[in-house]
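Keeping their order, the protein sequence lines are chains W and F. Per the numbering used here, residue 31 is the first one in the first sequence, and the count goes up by one each step. Per the numbering used here, residue 2 is the first one in the second sequence, and the count goes up by one each step.
Think of the hints as simulated: they come from the structure by calculation, not from any bench. In this text the structure is predicted, and so the values were computed from the model without any measurement. Here a beta-carbon is modelled for each residue, glycine too, at the ideal position from N, C-alpha and C. Any given hint could turn out to be false.
What the hints assert, rightly or not - Here are some chain F residues pointing at chain W (derived, C-beta under 7 angstroms): (1) Ala46; (2) Ala73; (3) Gly180.
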Amino acid sequence: MNDTNFQRLVHKRLGRRAMFTGALSLGSLALLTGCDLEDDDAVDRTLLAISRFNDRVQAALFRQDRLAPTYTAADITDPFPFNAYYEEAKAPEIDSVTWRLELAGRIENKTPWSLGALNQLPWTTQITRHVCIEGWSAIGQWSGVPLGDFLRRVGADLRASFIAFRCADGYSSGLDMATALHPQTQITLRFRNEVLPRRYGFPIKIRIPTKLGFKNPKHVVALEVTDRDPGGFWENYGYNRFSGL
Amino acid sequence: MTAAMNAAPVDGARATRSVVIRTTHWLNAIAMTCMIGSGWRIYDASPLFPFAFPASLTFGDWLGGALAIHFAAMWLLAVNFVVYLTWSLATGHLRRSFLPIRAAALRADAIQALTFRLTHDPGRYNTVQKLLYLLVILGISGAIVSGAVLWKPVQLQEFAILMGGYEGVRRVHFAAMTGIVLFVVIHVAMVAIVPSTLLPMLTGRGPRRPVEKGG
C-alpha cells in the first residue's frame, strides 16, 4: 500500500469512525436480517467480538510442533516483494553501530543487545512462505536466532502472554507467547544468506512463518514481555489479532 | 422441492416445504451474500486474475472490514450448511429429491429447458434442477473446505498439498465462488420466470399443482 492510499484509509477510518460502513448499505440485507444496519457501532462491536472469538479458536488450533512447510532454494521468489504501510524509499535508515534492541517487561536481564552481540548467537535458517493478508504469497530464505532461544537466554518469563515489538518506522505488533516459542519463529539477521537488506527490515525483523505477513515486524528496536495484549499497528485498525496460518 | 417427510404430492395437493429447508435456505442466502460481497473485496486487495470487482459491489469498505465480515459470516455459512446436509442425509431428502440423475432424462430435460419448453412441476425437480442443486451443494462444500485451508494453510497443510499448494488453494476457492455465483444467477432468473416458486420457500405452502410453463 502506498502513502496516498494509507492516508486515505486513515482519513476514512478516523473520519467515519466505523470500519464497516460501506459493507452494510445493502437494503435487501437489512430486510432479510431485520437489523438496523445503519448502526455502525453495533455492527463493528459484533464483528470485533467474533474476531476475538476467532483469536481463541486459532490459539486452540495452534501447535508448537506443527511446522510451516519448507521449500528449496529453487522455490525462492525473486525479486521478493517489498511491503509496508509506506513506499520502499521511505524505509528507515538505521546505523548498525548505534542500533540496540531494547528489552522491557518481564525479563531478568534487560541489557540492550547490539547487532554484533546478536550475530554471535547460534542461528538457524528457513525457506518458508510469507503469506500476506492481501492474499499474495512469496517464498524467501531467512536466517537468524530462534526467538524462543533468545527469550530463554535473557530470562524472559515464558508464562507471560505476549511479546510486544516496537519498530524504528513507527510500526508495532503483538505476538502470543505460544507462537513466540514456536521453533520456526526467528529474530532474522539475514535474507538469502546476506545481511538483512533495508527493504526487508534491517537490522532485524521477526520472521514468523505461522503468521500472516503483517505479524512479522521489521526494523525492530524494542521487545517487551507482557501479559497485556499490546495490539499493534494493523491490529488496531481491525485486522485479526492472532492471524495465524 | 418435495419436503422429505411427505410423499410425492398428488395433483391438487399443495406442495409443502419443511421448516428446516426454508430456514437453512434463507440463512444460507444471507451468509452467502456476506461471503461473496466481502470475498470480492478481499480478492481486490491482490487480484489473482487481470480484473477486479467493482468496489460498489463489495462489502467491508476496506480490506480489514471485508476480512472481519468474511471471517464472521463463515461460521454462519458452515454451521448452517452442516445442519442442512446432516438433516438432508438423515431424512433421505437429498436422495429423494436429487437422485437419481439419468443421462437420458438429463438430455431430454436440458433440451426442453434450453428451448423454454420445460414444465415446472411444483413438488418435483426435473433432472436439470437436480443436477444444478447437487452441483451447488458440491460448490459450497468446495468453498468451505478451500476457505478453511486458505485460512489455515499451515495447520491444514496436507489439504493444501492436495489443491496444489497455497496458490492452488486460492484458485480452488475462486473457482468454487464462481460456480456458486453462476448457480445464483440461474436460480434467481428461474424464480423471476416462475415467481410462484418463491412462496413455498417463504411460507412452506405452495400453489396447487400443476402446472406452469418455465425453465
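Here's how the hints hold up against the structure:
{"no.": "1", "hint": "Ala46", "verdict": "holds, 4 angstroms"}
{"no.": "2", "hint": "Ala73", "verdict": "holds, 4 angstroms"}
{"no.": "3", "hint": "Gly180", "verdict": "violated, 19 angstroms"}
Of the numbered hints stated above, the single one contradicted by the structure is hint 3.
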